[in-house]
Amino acid sequence: MKHNFENLHTIFDNHPKSQESLIAILQDIQKEYQYLPCEALEETSKFLDVPLSTVFSVSTFYNSFSLTAKGEKIIKVCTGTACHIRGAKLLQEQLENHLHIKAGETTEDMKFTLEVVACVGACAMAPVVVVDDKYHGSVKVSKVKKLLKAK
Amino acid sequence: MQISNVKELNKIKKECLATQKEHPKKVLVCCGTGCIANGALKIVDSVRDGLAKRKLKDVSVEILKETGCHGFCELGPLVIIEPQETFYTKVKPKHVDDILDKSFLKNEVIEPLLFTNPIDGSKITKYNDISFFKHQQRIALRNLGKIAPHEIREYIGVDGYQALAKVLFKMSPDEIVDEISNSGLRGRGGGGFSTGRKWKICKNIKADKHYVICNGDEGDPGAFMDRSIMEGDPHGVLEGMMIAAYAIGAKEGYIYVREEYPLAVRHLEKAILDCERSGLLGENILGSDFSFTIKIARGAGAFVCGESSALMKSVAGEVGEPRAKYIRSVVKGLYDQPTVLNNVETLVNVPTIIRNGADWYKSIGTPKSTGTKVFSLVGKVRNTGLIEVPMGITLREIIYDIGGGILDDRPFKAVQTGGPSGGCIPEAMLDLPVDFDSLTEVGSMMGSGGLIVMDDKTCMVDVAKYFLAFLVEESCGKCTPCREGLYQLHKLLEKICAGKGEMSDIEKMERLSENVIIGSLCGLGKSGPNPLMSTLKYFKDEYIAHIKDKKCPAGVCPELITYKILDNCTGCMACIPACGYDAITGKKKEIHVIAQDKCTKCGACYAVCNFEAILVS
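In order, the protein sequences belong to chains X and S. Here the first sequence is numbered in the numbering used here, starting from 1 and rising by one per residue. Here the second sequence is numbered in the numbering used here, starting from 1 and rising by one per residue.
It cannot be assumed that every hint is accurate.
[Claimed, not checked] Cβ-to-Cβ under 8 angstroms is the rule here; a few derived chain S residues that face chain X:
# : residue
1 : E259
2 : T366
3 : P367
4 : G580
[As the list claims (entries may be wrong)] Here are the computed distance ranges between Cβ atoms for each label pair:
#  : chain 1 : residue 1 : chain 2 : residue 2 : range
5  : X       : N97       : S       : D49       : 19 to 29 angstroms
6  : S       : M503      : X       : E39       : 41 to 51 angstroms
7  : S       : L615      : X       : N97       : 49 to 59 angstroms
8  : X       : K140      : S       : D456      : 51 to 61 angstroms
9  : X       : P51       : S       : D359      : 52 to 62 angstroms
10 : X       : S138      : S       : D456      : 47 to 57 angstroms
11 : S       : D129      : X       : D13       : 31 to 41 angstroms
12 : X       : K140      : S       : D129      : 30 to 40 angstroms
13 : S       : W360      : X       : G104      : 48 to 58 angstroms
14 : S       : L615      : X       : S138      : 17 to 27 angstroms
15 : X       : P51       : S       : K491      : 35 to 45 angstroms
16 : X       : S138      : S       : Q84       : 47 to 57 angstroms
[What the hints assert, rightly or not] Pairs of lysine-lysine residues, derived as DSSO-like cross-links and limited to a Cα-Cα distance of at most 30 angstroms, are as follows:
#  : chain 1 : residue 1 : chain 2 : residue 2
17 : S       : K332      : X       : K76
18 : S       : K478      : X       : K46
19 : X       : K31       : S       : K270
20 : X       : K31       : S       : K491
21 : S       : K251      : S       : K332
22 : S       : K457      : X       : K143
Everything labelled a hint here was simulated from the structure, so no lab data went into it. Each residue gets a CB set at the ideal place from its N, CA and C atoms; glycine is no exception.
Construct the entire structure; sequences and hints are all you get.
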């Protein structure tokens, strides 16, 4: 995938030049491109003067970073304890069936990415599904299809 | 707005109180993450438009308040009319005109929007008459749902930064440490270490720099009190940090907050900016010689970063792996300097303790666990949400008096406390007083305060497997006992849930658990086997049913159950499209049939059936 990397320098300008900024910079890159493109990691390494191996190890250690491109719509099924005992697994299976992908994967047409996350902290509304940062609470099996169409 | 001395602070407080007196009538709309998910922002817009239409546009700031979380998220969006304290649930934009005309302008009550008591079906008008709120005592959550969290003036209006003024001009650092020690405040993040003692150790170390870090990396699945506090009372957290910093001699502080909490990050950023602009952060705060800055570090989704040494590495932009703690992080923490790391809930308690005194705080709770604790009461309980209760209250009071009992009147089975490091407590122990020590004694722990209620439809072996799977995923992999030991424990649990377990597996798991507990480097590994050990201790019969009888009594583990359609099937056809595996056939108004060879036992049919016509056995 080809990207315009001009925005990278805007991101760099917002952070002090020290390793303390590494995670924040990667978070901003992830937000901009939905994942961490290889070139962006190289530029980050140069900007911060931190070895590329360190940048790579940080980007693979933390769950919120992805090294592969994600779909237009990101669906996160919360699998925290409260959601688990109120049927999160069933929702995950239903979404997997509808999208024909497993959790962690992206549909071939790059429309959807399905993820499972540990806990989004909305336990009182379990089970919760987050579609593009919008929280949907008390999700029922019958509403799964609607979620895919939700804007 | 400049606040360069105490006089100016008090002037603003006076102004706020005067405005409140002028406009006692208010519409409070809860804007926590839960209520926003249910559409609270649309309600805010409708109320604003409605006020403008009624020629109240100029005063809409004083009347309409977007507050933090009330904790009763399930029934959101929540709207409260003050001063009557009328409490409306599940409000939709179409209700707003009615609320403004009848409830706000005329003091009438709109009955259909009131809370319905789940026990007798009666309607309850006032906030504090609802059993969910009535039994609570709010100290850490004092400002949640009362003030607009993104307005610094609102916080100042409720005695905000008065404790800071008190410590800067009336107390020495030693006196602060003594006051916090005397109050008996213990770390709310799970460990329960004395906060005063931690501050004292840190303060007494000579070093170039001291740091204060607020731990907002709430990783325990099932707990969300820190999120709500950071969203609903960010200035409370900042004031707590400032007091800690002044006490130990720190000039720099960090708040480590999960990236998954975007609203919390936004409110904290705004609060820090407002403090910097007004002079409450920066050089010579309130005209004293105390200078302090706070930065936000966003976590990136690693549970292990809740552990102190891992968190500090993460703040420094490194991989969050814990280290062996021969030297504690309070002595050698961030950049090898002495560091106080306190949890969000701990810090937000500090300003009230300073204002009201240690003796006041000590009078609440039990002698060894003073004060209150915030719990997230979730799972199979009627009233789910965030609650704050005095320490020493029994689990029964929490679940039945505040929680209103078990969902659908099913039998209670267990309550899980302490997250992945905690355990499951059975019915026989419902009268256990909840405090740090009694929970540890029964093989669980306080943790950050998640209380997940489970009914007879929850399989305890599955719960143990769930937590082990979580920990295997989150183990950083640095030390072998945690990385490999938890992995093998999870494999054994998978085997048992699949109906392939042997009785000797129980002994194997017990032995392996001991080794993981002894050999792991950090708390995550050391406490990792707890969910397994506690379920084995109190629910061994369920393990035996899985192993010997090849049955899952709760009807959860797919390999050990079957789904059947009963004769009371009305032939409504709802389950046919719900099944993703084409396993159900049938015509309209005829009893449907499940083809057992195609059924994956996912439970989708059971979830959509409105006639209880599907039997799980």
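Evaluated hints:
no., hint, result
1, E259, "6 angstroms, holds"
2, T366, "26 angstroms, violated"
3, P367, "31 angstroms, violated"
4, G580, "4 angstroms, holds"
5, N97(X) - D49(S): 19 to 29 angstroms, "42 angstroms, violated"
6, M503(S) - E39(X): 41 to 51 angstroms, "56 angstroms, violated"
7, L615(S) - N97(X): 49 to 59 angstroms, "23 angstroms, violated"
8, K140(X) - D456(S): 51 to 61 angstroms, "21 angstroms, violated"
9, P51(X) - D359(S): 52 to 62 angstroms, "55 angstroms, holds"
10, S138(X) - D456(S): 47 to 57 angstroms, "21 angstroms, violated"
11, D129(S) - D13(X): 31 to 41 angstroms, "55 angstroms, violated"
12, K140(X) - D129(S): 30 to 40 angstroms, "31 angstroms, holds"
13, W360(S) - G104(X): 48 to 58 angstroms, "51 angstroms, holds"
14, L615(S) - S138(X): 17 to 27 angstroms, "25 angstroms, holds"
15, P51(X) - K491(S): 35 to 45 angstroms, "36 angstroms, holds"
16, S138(X) - Q84(S): 47 to 57 angstroms, "29 angstroms, violated"
17, K332(S) - K76(X), "38 angstroms, violated"
18, K478(S) - K46(X), "28 angstroms, holds"
19, K31(X) - K270(S), "20 angstroms, holds"
20, K31(X) - K491(S), "36 angstroms, violated"
21, K251(S) - K332(S), "16 angstroms, holds"
22, K457(S) - K143(X), "22 angstroms, holds"
Hints 2, 3, 5, 6, 7, 8, 10, 11, 16, 17, 20 from the earlier list are contradicted by this structure; the remaining hints agree with it.
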